[in-house]
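Here the structure of chain E is known, so what remains is to put chain Z in place on it, guided by the hints.
Protein sequence lines, in the order shown, are assigned to chains E and Z. Okay, so the first sequence: first residue is 1 according to the working numbering, each after it adds one. Okay, so the second sequence: first residue is 108 according to the working numbering, each after it adds one.
What the hints contain is simulated information worked out from the structure, not anything from laboratory work. Mixed in with the good hints, there may be bad ones.
Covered, in the sense of this in silico footprint (three residues per stretch, anywhere, with C-beta under 8 angstroms from a C-beta of chain Z), are these stretches of chain E [as the list claims (entries may be wrong)]:
hint, segment
1, 16-29
2, 32-42
3, 55-67
4, 78-87
DEER-style ranges, computed between Cβ atoms [claimed, not checked]:
hint, chain 1, residue 1, chain 2, residue 2, range
5, E, GLN91, Z, THR292, 41 to 51 angstroms
6, Z, PHE153, E, THR102, 38 to 48 angstroms
7, Z, GLN544, E, ALA70, 14 to 24 angstroms
Just so you know, even glycine gets a beta-carbon here, dropped at the ideal spot from N, CA and C.
The chain contents come next:
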Amino acid sequence: MIPLSHSLTIAALLFVLGLAIILLRRELLFILMGLEVMFNGVALTAIAAGQYWNNPDGQVLTIFLMVVTAAELAVALILVWLAFEHLKTTQVDMLTRLKDDTKGGAP
Amino acid sequence: MHSADLISLAPFIALILGGLTILALGVWPKPVSTQILTMVAIAFLFLGAVATLFWDAPHEVNGMLVTDNLSRLFTQFFMFGTAVIIILSSGYTPIKNEVREEYLSLLLFSTLGMTLLIASQNLMMAFVGLEILTVPLFALVAWQPARNGAIEGGVKYALLAGFAAAFFLYGTALAYTSAGTIDLTVLGAVTTNAELLAISVTLILVGVGFKLALIPFHMWAPDIYQAAPAPITALFASIAKVAALVFLIRLLCMQLQHIWEALLPLIWMLAVASMVAGNLLALHQQNLKRLLAYSSIAHLGYIFVALAAGNSLGRDAAIYYALTYALMNLGTFAVITAFTRHDQDRQDLEEFRGLGRRHPVLGIAMGVCLLALAGVPPTAGFIAKLIAFGAAIEAGHTILAIIAVLNTALAFYYYLRILNVFYDTNETNLGAAQYSQGTLIIVVTITLLIIAFGIFPEWVLGLI
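Isolated chain E, as found in the complex:
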């Protein structure tokens, strides 16, 4: 049987990989993919721990995780599509309309 530490290491690497994708890539779709990789790292952790403790909580957690994050990403994808439709961009750097305004003088 594979020891727990091995699967936990792989899962942690997967999580960090997803984090790196989010921090390094600028396209909205890639960021959503990075999120998905992070969620998969979590799912692997939960499954491996479930095997180790020999109880079903880890698998239940994974099923809930998949359902809920799929719902979340569906809504996020609609927003990305709206951004493409209205703003003609899928780059996160182009979304700069909302920013601080400190130019005005003292009242």
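Just chain Z now, kept in the frame of chain E:
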């Protein structure tokens, strides 16, 4: 399932049924008027709030939800807050004809998420609650996509909420790895693998910290406050944040006391960073909604001062502060909603110039809310700060309390700057505000509540 379980679940069932009923009314063959939809939504919220009175507290449902006095108080408060937001939305002109079945049912489902989150006894339940709370908000931020910046706000919030959810989940999975359970009461009793559990709670803290917009995780908050329609900003600034905060209080101060000690330096740093940076960023801000976003970051810092105290006084202080913080922000954003222009919110401080003189009731309400945020007696904001900082001193964190008091003094500058503009003798040329009777009643009620809770703090403290 016992009948006691069913009674405990009644408020949640009321919210689910409410959301579904409103959706069903939307596809009814005969057109249903907006007014009836609004009334139905508020009726279900009222039903849910009444149902909490029959709770046999404290009661635990299948190790998933716990219905005690804390969840009763905040469930009722969230129902009240959502009703306020529905009334504000129906009088809000920029989305006048769009407060229909989708909008109202999303609001009710979001409230369901809040109530589940604060009552959760299990980390998986908490995650599901957090997501039910968050996902409807993506859509509500981007309501009317053609509005300036609406999509941008929605996309930013969706990405960062996903990011926060990933951290929360990883924390949950690691907690499960360390102890083989995600039930909070069992986790609280486990003493082996304490390091791994501390790491996992840190990750959960990061996930919740995104929701609370604490300082290293605050990037989204000002953008979302600016982009969302004013009633939705009110939701973000008040009850949505408080839900995450109450979960954190339950997690750190009531369930995982031994972990709290390991996390103390982290809580300390988050408190100081949020207070100082929040206030400094707010200082020269010209956009009122963004300014309030930074001010609420600073307020979260003050609440973390109370959490750092960790004793029962600190817990009560944090709960009281959370409640009054939500009330003050609801009041402030209710006034901003009332002052909206025909097609969009007033954003720049200049656009509010002189309005306090023209509309005395709203002006006084804004004055009370802002002075409460600043912490002037006899408002609730003063008592909240007093007991929060008092708890920190009692627990021996004198330096933290001193930093907090200095920050409170700094914050006066920008709160008074807003009031200065509001009561200027010159008036903005953008014209007067049009607001409904409902909005006015809400504003007056919240203002009176802020003063009443300030004079009689035991009304809240006695309920915990």
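Could you check the structure against the hints above and give me the numbers of any it violates, in ascending order?
7
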